[in-house]
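Engineer: This is what each chain is made of:
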Amino acid sequence: MRVYLGIDIGSVSTNVIAIDENTNVVFARYIRTNGQPINSVKQGLRELSVQALSDGYEVSAVGVTGSGRQMIGLMVGADVVKNEITAHAAATVHFYPDVQTIFEIGGQDSKIIIVKDKIVTDFSMNTVCAAGTGSFLDHQAERLNIPIEQFGDLALTAENTVRIAGRCTVFAESDMIAKQQYGYSKAEIIKGLCDALVRNYLNNLGRGKVLQPPFVFQGGVAANKGIIRAFEEQVGHEIIIPKYFGVMGAIGVALSAKSQVEASGQPTNFKGFDCIELDFVPKSFECSGCSNACEVIKVIINGEVAAMWGDKCGKWSSSV
Amino acid sequence: MKVSFPYMGCVTGFKKLFELLGHEVIMPEKPTQRTIDLGVLNSPEFICYPFKIMMGTYIEACEKGAELIVSSGGSGPCRAGIYGDVHKKILHELGYDVEIVIFDSLFENFGAFMNQVFKIKNKTPTLKVMKYAYLVFKMINQMDGIEKELKHLRAYEVNKGDFDKCFDKIKELYDKTYTLKQMKKTYAKALEMLHAVPVNIPPENKRVRIGIVGEIYVIMESSTNMDIEKRLNALGVEVENIQYISDWVKHHIIPRRFSKEESWKMFDKGYQYKSCNCGGHDMENTGAIVHFSQKGYDGVVHLMPFGCLPELITRSIIPQITEDYGIPVLSMSMDEQQGEANIQTRLEAFIDLCKNRSNKQQISPAEAANSKELKKEFAGIM
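So the protein lines, in turn, are chains A and B.
Under numbering that gives the first Met the number 0, the residue at position 72 of the first sequence is numbered 71, and the numbers go up by one with no gaps.
Under numbering that gives the first Met the number 0, the residue at position 318 of the second sequence is numbered 317, and the numbers go up by one with no gaps.
Derived from the structure by calculation, the hints contain no laboratory data.
The reader is advised that the hints may include incorrect statements.
Below are the DSSO-like pairs computed for lysine-lysine, each with C-alpha atoms no more than 27 Å apart in a straight line [unchecked claim]:
(1) K297(A) with K229(B)
(2) K159(B) with K205(B)
(3) K164(B) with K314(A)
Make a model of the complete structure from these sequences and hints.
Structural biologist: And the structure:
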């Protein structure tokens, strides 16, 4: 069976998925990146290779997205290396062709994508602060000693709301501590946090945009019921959560890889599951050639320098 | 006197002018991380980004012994109007004995303008000053013309880096040019060199064009905008910047009545959205977005320093322009805290958006072949 792979390397999670020719998801893994994107991709591919062997998959295309896309693209031999925004939109439009607004909240960035007639017409991405992202919730859950998986359900049990300053993570945290000292319950504080996160997100990213239903909410944070309810309250409309909300970026890029390979008629660049065994080492150093002091990233595959980037003048990147 | 000036875009013209006037030129360096660090350290925290970079450039020039710094001013609510005086104060506090001469528009205060000319003309006879000014004016015009074409062609370069090398050589050629007669030859040679660079131009319906508007310093000086033009070119997109130093000079020297400059037309196009200029180039930028839309561009990238007042006003008008004319606009603020990954993701997504809107998304066979080439390259390593 022909399958198309999508890999999304994010700051918090690495997602590896495979779709078949009829775009059914046949494999999906959500793996914590833990600052080691290469290992987490290898882990995902290893699990996939086991399933591929038993079910007889033939990989026909690979797409890579997320913040680590350039490096992992090199490692696996990607046919398509796409930015997260396009990838997310591609998946959502595929499952919900009439979608008009996509909310995506990931580990360290969040986006609003505006779609009209299946085409992205506008988007915005957080630039200044991480207050509206998953890492913030993760961190606060840890501080309150609540597993992040129970965070959302606990928020739903709150009877009262408490307003928490959501401008910035640091201020939100100090405000939260103050409210705890005033005697609010954990559930109320968590609900307050969810409200603050959504308020912050809509204020920062939704500014100057007309948000129209249907709304689709995806990204890892869409697992959080408290956030979903806060969204529904604040936009005043029902929110759709896709079945594969956590891996939509990976699905989107797999779809692009599929259409690219089909359009070009060329065989895939995929290096095969053997790439798991490759000795793939990224290294970075500060160039001392001039006072720009660029941080240059060097990728070494099996002892040989395969690619370099990050320099402003091209001294290193053109040397490979 | 030892003269220096801020580094903004292509500075060969300035260098030439001061050399001809008999000054010793302390060549400012293209802003590097050190320049930015120096500038940020010695500037007020919430001042605009260009101020900080110019501050760093001036300090570096003073370290090399500059005695006179020549720069341009600004009027209206834009803070560029206070740059000169504040820079001078900070430089004096740092212990550098340096004079700063600021040129404002010729028409606002003719007396002051001439006064500044006398400060820098260095006993050169007036007629000669005019002759030199004409030569330099013509030179920056030619160089800007070449640069404009380069930013279109670079999107299609076959070997990465060819155009940058070519333009460096062209700059060297102009650097050695001192008379009008030499310049004619230099220009012909430069054009020849530019067109000799191998390019792979796709059919007309696949070409994607992006306009760049925004605050003059961040759109002209590549080191302050993360090399945005090169990034866009690398994504296979032609770029048209609305600001060039020759345009600025023409706009400020030639009276409107005699001017055929596009900047004035853009001014007029901006008036449908606001009744007055709010300082800086906000009126031109508003008009320019309309202009690019009417010329059939696929999108516009709008850049501004973080917290720039005139450009924040432009930004607030952008949704309305997009609604009226249908042109997508990506607005980004630049400052020393900017991260590269974020900019790259937004640019890539924006170009996808523009291509999708104009239906230029299909992959050409050439592109597919290109990716195969890459594959072979990597296969060699494996």
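Engineer: Hints broken by the structure, by number, lowest first?
Structural biologist: none
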